[in-house]
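Residue numbers (our numbering), protein chains in the order written: chain U, 271 to 649; chain W, 271 to 649.
It is worth saying that the hints were derived from the structure and are not from the lab. A quick note: this is a predicted structure, and the numbers were derived from the prediction, not measured. Please note that the accuracy of each hint is not assured.
Claimed, not checked - As a list, the in silico DSSO-like pairs of lysine-lysine whose alpha-carbon atoms are at most 30 Å apart:
(1) W/K546 - U/K545
(2) U/K520 - W/K546
(3) U/K546 - W/K432
(4) U/K432 - U/K546
(5) U/K432 - W/K545
(6) U/K546 - W/K545
(7) W/K546 - W/K432
Number of protein chains: 2
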Amino acid sequence: MTVTADEELTALGAVGRTPCLVIDVEVAGEQYRRIASAFADAEIHYAVKANPEPALLRALVEAGCRFDVASRTEIDLCLAAGASPADLSYGHPIKKPGDIAYAYARGVRLFAFDSAGELDKIVTHAPGSAVICRLLASSDGARWPLSRKFGCTGEMAVDLMKAAAVCGLDPAGLAFHVGSQQLDPGRWEPSVALAADIFRTLEQSGLSPRILNAGGGFPVDYRVSALPIAAYSVAIHAALFRHFGHRAPKLMIEPGRYIAAPAGVLHAEVVLVSKKSYSDESRWVYLDVGRFGGLAETEDEAIQYALATAHDDGPTGPVILAGPTCDSVDIMYQHAHYELPLALRAGDVVRILGTGAYTATYASVGFNGFPPLRTLTNP
Amino acid sequence: MTVTADEELTALGAVGRTPCLVIDVEVAGEQYRRIASAFADAEIHYAVKANPEPALLRALVEAGCRFDVASRTEIDLCLAAGASPADLSYGHPIKKPGDIAYAYARGVRLFAFDSAGELDKIVTHAPGSAVICRLLASSDGARWPLSRKFGCTGEMAVDLMKAAAVCGLDPAGLAFHVGSQQLDPGRWEPSVALAADIFRTLEQSGLSPRILNAGGGFPVDYRVSALPIAAYSVAIHAALFRHFGHRAPKLMIEPGRYIAAPAGVLHAEVVLVSKKSYSDESRWVYLDVGRFGGLAETEDEAIQYALATAHDDGPTGPVILAGPTCDSVDIMYQHAHYELPLALRAGDVVRILGTGAYTATYASVGFNGFPPLRTLTNP
């Protein structure tokens, strides 16, 4: 995202006090159109958890986007933004019974699951709905990998889909997720292959699954650039053709980061620049935002944001970048070899780029007494 | 903390919906009296960041406790609870100039620092105040260690204390912190020895430092029990005598966890119990609270809470314990060999014990659309 000097001044005038996340809704709209164009045959469900800002949701509704929701609050936000319940997918495989009932009462008819226990709840509280069974998938290659928290084995998925049909649900398809900020376009294929196997097994049992939800994970430019989105589309479509032939299912994807991240710039203030000893090479730079104020994805230095300051033309030196709380794990970058201008001083603004996703809603309610991250939208 | 069946029912009646943190203010008061008795010669400053609940602060003011604050919000909370500004220490070494001025205007006259840049701010915005220079300290042995984020070397501390005197501040003493939930009573001694060296050097330069702030870190019982607080008092006082002889400085300590943790029980609901495959030994147990809802200190499974359920008399089996969000790092315990009753079902309540410190204020404002952790106080 390029910010001109004028835009920057305007934004800072509006920002007033830091830290503040400025979301450019038009950039999110452009990102939606870019991925919708690359995946012209797919249903695009924006993963609301990435950033549920109402102005952003309204822009995406207008652009024709669908939504992936994780809670009753996210359902309310999407409906308030003008989305149709038919365009909502309750993609979180683990839900309270009351939340399923709440979604069903508001017209949501598409639910994810990955276990017999969850299936029971959906049968009871969302009878007749379409369900998508989530498969375990490897997230090797992802900057923010997904562990084994969600999904089940193919063997179990077959049984669960059959059980769903027996219970009067519509066993609509399968889902998987290869991990967020997944840089390797080849990582989708193994799960596409597994899904194709399961589709064939289910069809032999008389079921007709029709949707493959290939999840999100589509990467954006941080400090390191990602491949263009077309590379991921090409790889996924090649995998679909290789494993499904001409009988490919309807493709569904759930981009969150890809749409929201480039739309955000987090304005932070330098609270202190210091050294711990006379022999230290690196300066410590303490910002007024950190891991508990919205930069949770810097855990283990996983997501490495690009930074911009007013001194970027001058010479730089190595820094350790830390947040404002008394908690010593509140350090963003200690091993990732960040450099910042030697001219940087307390009171200067550091712009943290690409921070539109997985930031504001992660902020703590008030650890150390610091207020949560504010969001301003633009225009 | 022992909760009787009656208390439990009362608490649950009040809780209504989970997750909910129930704080027993009397337990916090008992903990204060326990540590004040073990450290009868010390000034006890409760680290407000551990839990800034107003009822808890009021009880501590009444008990005669002082306070360690990290922000203007925490200052306001302490003053509102009835604390005198003379009993507040602004112990965060990194502050915005406006926050220092805010504290000074409200009567705070004791500030921590660890760098020349911070000293400049204090000179300008809190003229004539007492300052305490924080030293780098090893936090080996701590469950929640403190890295190098705060503190400077002894060599630099000597220069900073001299500079403070020249600038009209009162160079009152030194501080260090051996890491939170520090289990080893022997870990305070190396920093006491370093501080004694610096005291002698400063005295030779004509300064008269008089306070040694030995920080917090005093451990509480989680899944594993800690030594009684007397063990830490004995070790610290022995170190003081060994290195300062009969000229020991005034001791100051900053317990946070020790006072607040045992006062809290987090009531959570089981959202799902499932397996990922037919061959898995461990069940996955998903609660409605996790790393982004207040259990931030389960990062890397550092703090291992004791759990209680209504089925604890029955047989148990291994579990992986995960939180409710779609984020796959939202797993509390995967390698720590937790077991829970085989009878545990979705809808059951799990009580997470010892959760009065570093929980509620860490909770995210609304990641995945889940509301922040509520706190109820008792009585």
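Okay, the hints, checked on the actual structure:
For the suggested pair W/K546 and U/K545, the alpha carbons sit about 48 Å apart, so the restraint of at most 30 Å is broken. Taking the CA atoms of U/K520 and W/K546, the gap is about 26 Å. The hint holds against a cut of 30 Å. With a C-alpha separation of about 17 Å, the suggested pair U/K546 and W/K432 falls inside the 30 Å cut-off, and the hint holds. Of the pairs offered as hints, the one joining U/K432 and U/K546 is violated, with about 62 Å between alpha carbons and a cut-off of 30 Å exceeded.
The hinted pair formed by U/K432 and W/K545 meets the criterion: a straight-line CA distance of about 18 Å does not exceed 30 Å. Pair hint U/K546 plus W/K545 does not hold up; C-alpha atoms about 48 Å apart against a cutoff of 30 Å. Note on W/K546 and W/K432: the hinted pairing is violated, with a Cα-Cα distance of about 62 Å set against a maximum of 30 Å.
Checked against the numbered hints above, the structure breaks hints 1, 4, 6 and 7 and satisfies the rest.
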